[in-house]
Amino acid sequence: MLKNKTLSAKIVISLITLAGFIGIQSASATQTNHKPWGAPTYCKGKIITIWGSSSADYINGTNGRDVIWAGAGNDVVNGRGGNDVICGGRGRDTIHGNGGRDIIWGGSGNDSLYGDQGEDKLFGNRGADRLYGGNGHDALYGGSGNDNIQGNRGRDSIYGGSGHDTIDAGAGSDRVYGGNGNDVIKGQGGADRIYGGNGNDRISGNNGYDKLYGGNGRDTINGNRGRDKLYGGNGNDKLNGGSGSDSCLGGGGYDSLANCNP
-11 MLKNKTLSAK IVISLITLAG FIGIQSASAT QTNHKPWGAP TYCKGKIITI
39 WGSSSADYIN GTNGRDVIWA GAGNDVVNGR GGNDVICGGR GRDTIHGNGG
89 RDIIWGGSGN DSLYGDQGED KLFGNRGADR LYGGNGHDAL YGGSGNDNIQ
139 GNRGRDSIYG GSGHDTIDAG AGSDRVYGGN GNDVIKGQGG ADRIYGGNGN
189 DRISGNNGYD KLYGGNGRDT INGNRGRDKL YGGNGNDKLN GGSGSDSCLG
239 GGGYDSLANC NP
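If you're matching positions, the sequence shown starts at -11 in this note's numbering and goes up one per residue.
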């Protein structure tokens, strides 16, 4: 990095941007980061403090509250500390919130979003995205596309959106809404509430007292271990309570019930 003290922070940042690397090292440099020609001013209603470029950038935030716009290109963004707002833009982006309560938007492209520490909100938007909640009670929104979503630890709220999604709620008592599409949803540990929504879904509980709702479509629901409640909804469903004292309600359609108590 340039260390000549006669250069202004603005010039330093401009030269780093040309090299495909954007790093804000201090509060004073954050104030002098300039807006590229044609770049937006706001990221989801917040004034942008760090801009990417049209190339593949590596962007580091500060330990404070940043608003980052990655721009076009396949970017890597680290929010670092603070409650950040990050917009991925076009391209296949990899975005880490790191510490703090972060809000991350993937934009268009097949993005990988990581909440890491804190209670985060992740929005995949368009594309086949990968969302990882990390620690904390997170809210994950897949959006359109065939998404892969993992809640990990914490009491998470997960929304698959449209597309054929694969969802692993992870540890904790989670709420999962598959949305439209033929989804595969696993509850893992905790007392989970899973709603398949529209489509032919495959839903499984695991440990804990789970409530599993198939919704519309030909659903396959497995309670596995624990005292579960299974609801098939509309369509010709297959319900298997698994081990434990489970209750099953088929709903509309010709349903198959196994290992269910009255």
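There could be a bad hint or two in this list.
Here are the simulated DSS-like pairs of lysine-lysine, each with C-alpha atoms no more than 27 Å apart in a straight line [claimed, not checked]: (1) 226 <-> 109; (2) 199 <-> 226; (3) 217 <-> 174; (4) 226 <-> 174; (5) 34 <-> 23; (6) 109 <-> 34; (7) 199 <-> 217; (8) 174 <-> 199; (9) 174 <-> 109; (10) 23 <-> 109; (11) 109 <-> 32.
Hints were generated in silico from the structure; no laboratory data involved.
Each hint, compared with the structure:
Between residue 226 and residue 109 the alpha-carbon distance is near 34 Å, which puts this suggested pair outside the 27 Å criterion. Under the criterion of a C-alpha separation no larger than 27 Å, the hint pairing residue 199 with residue 226 is consistent with the structure, at around 15 Å. Restraint check for residue 217 and residue 174: the C-alpha separation of about 15 Å stays at or below 27 Å, so the hint holds. Among the hinted pairs, residue 226 with residue 174 is consistent with the structure: their alpha-carbon atoms are about 16 Å apart, no more than 27 Å.
Of the pairs offered as hints, the one joining residue 34 and residue 23 holds, with about 14 Å between alpha carbons and a cut-off of 27 Å not exceeded. Restraint check: the Cα-Cα separation between residue 109 and residue 34 comes to about 15 Å, which is no more than 27 Å; the hinted pair holds. Among the hinted pairs, residue 199 with residue 217 is consistent with the structure: their alpha-carbon atoms are about 5 Å apart, no more than 27 Å. Simply put, residue 174 and residue 199 have alpha-carbon atoms about 12 Å apart, close enough for the 27 Å limit, and the pair holds.
A threshold of 27 Å between alpha carbons decides the hint, and for residue 174 with residue 109 the separation of about 20 Å falls inside it, so the pair holds. Note on residue 23 and residue 109: the hinted pairing holds, with a Cα-Cα distance of about 26 Å set against a maximum of 27 Å. The hinted pair formed by residue 109 and residue 32 meets the criterion: a straight-line CA distance of about 13 Å does not exceed 27 Å.
When each numbered hint is compared with the structure, a violation occurs for hint 1 only.
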